[in-house]
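Going down the list, the sequences are from chains A and B.
Mind the numbering: the first sequence is residues 1 to 288 in the UniProt record's numbering, read in order.
Mind the numbering: the second sequence is residues 1 to 130 in the UniProt record's numbering, read in order.
Please keep in mind that the hints were generated in silico from the structure rather than gathered at the bench.
Errors might be hidden in some of the hints.
Stated by the list, open to error - The calculated label-pair distances, taken between Cβ atoms and stated as ranges, are:
#, chain 1, residue 1, chain 2, residue 2, range
1, B, G31, A, A135, 46 to 56 Å
2, B, R125, A, S75, 42 to 52 Å
3, A, A29, B, V19, 29 to 39 Å
Ideal Cβ positions, reconstructed from N, Cα and C, are used throughout, including at glycine.
Spelled out from the first residue to the last, the chains are:
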Amino acid sequence: MPSLKDLKNKIASIKNTRKITKAMQMVSAAKLRRAQEAAEAARPYAERMNAVMGGLASSVGQSASAPRLLAGTGSDQVHLLVVMTSERGLCGGFNSTIVRLARVKANALLAAGKTVKILTVGKKGREQLRRDFAANMVGHVDLSDVKRVGYSNAQNIARDVLARFAAGECDVVTLFYNRFQSVISQIPTAQQVIPAQFEAGGVSSLYDYEPSEEAILDDLLPRGVATQIFTALLENGASEQGARMSAMDNATRNAGEMITKYTTIYNRSRQAAITKELIEIISGAEAL
Amino acid sequence: MAETLQFDLVSPERRLASVAATEVQIPGAEGDLTAMPGHAPTITTLRPGVLKVVGPQGSKSFVVTGGFADISGTHVSVLAERAVPLEELTPALMDQLIADASEATAVAVDKDAADKAMGDLIAMRTAAGF
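Extracted from the complex, chain A is given alone in its bound form:
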C-alpha cells in the first residue's frame, strides 16, 4: 500500500503529463490546419498536371519512342522504395503503419527474387527499417530542420530519385506515405511514380503542342515526379499532425482517468487513516 505522500506525488506527476499532452494536442491542431491549407493550395497544380500528362501519356504512351520515365526500363528487377515518415515521434501508429506496409512490400519483392533498395525520408522510418533491411538502405533525406515543407524539398528528393533512375540503379520507384483522410484516419498508401501511371483520357487530343508532344512529355515527366513527391510530403505532413492530435487526445483522456482513479484511492486511504485514529482514540477512552 503506497503512502499518502506517494499517492500525492503520483497525482501531481500525472497532472503535469496531462498538461504537456494537452499542449501538444493544441499545437498539433494548429499545425494540422496549416498543413491542410498547404495541401489544399497544392491541389490545383497537381490536378492540372495529372490531367495534362494523362492526356499526353495516352497519345504518346504506345509509341516505341515513349520516354523511359513513362515506359519504364523494360525490366522490373530493381525496386526503389521511398518511405516517407515523420521526424518526430509521439504520433500514435503513424510511422508504424507506413513502415509495416513498406516492410510487407519489401518482403514480397525479396521473396519474388527482386532487388530492393530503400530511400527513407524522415528519421523515424529509417530507425525502424534499419533493423530488418540495413543492407538495402541506399539513402536518407533529413527534413528535421525544415519548418515548412516547400516545393524545393520535393525537388531535391525528385532530383535524387531521377538521378538514380537515369543511372540505371532502379527500374521501379514507389512512394510510401500516409494519405490524409481525417484526424482519426490516415491511409498508408503505396504509389508507383516511375514508370508513371495515369488515369487515361485526361485532356482531349485536339490540342496543338508546342514544341512536340514528346518534347513536352520529356519536360513534364520529371516535374510530375516532383509534384507527386510534393503532394505525398504534404499529405504526410497533414497526416502526421492528425495522428499526433488524436494520439495526444487519447493520452490526455487517459491521464484524466488515471487522476480520477488515484484521487479516489488517495481519498479512501486518507479516510481510512482518520477512521483508524478515531477508533484508537475512542477505544483508548473506553478502556479508562
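Since the structure of chain A is provided, determine the placement of chain B on it from the hints.
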C-alpha cells in the same frame, strides 16, 4: 466570341492568380505568344521570362521559371514551377533563381536545355535592370 478568358496561374505551393483577362502574354519555349479569347487549344512549355496578363482591371506581370501553359478558347492555365509577381522581384531573389538554375545545370541530363534556361534568366536580370 467571348470577351474575356479565365486566367489561372498556379505554382506547386499556391494559386497566384485567378482572374478574367483579355489577353495573356506567355513566354513560350519556342517563342513568346499572346493568348486571346478564342485561341486554338494549345499546350506549350515555358521558358524563364515575364508573363503579362491584361484584363479589365488593368495588367499584371509575373516572373515565371519553367512549367507549362494550357490554353483554350475560354481559359488559360499556367502551371509554373516558380512564379513571383514582378513587383516582388528583388535582385536577391533573382540571384537566388540563378543560383538554383546553375545548381540544376550542374546535374541536368539535358545540358542544352539547362544552359538555355540559364541564358534566359540572365537576360531577364538584365532586362529587369539589376
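List, from low to high, the hint numbers that the structure doesn't satisfy. No numbers; nothing is violated.
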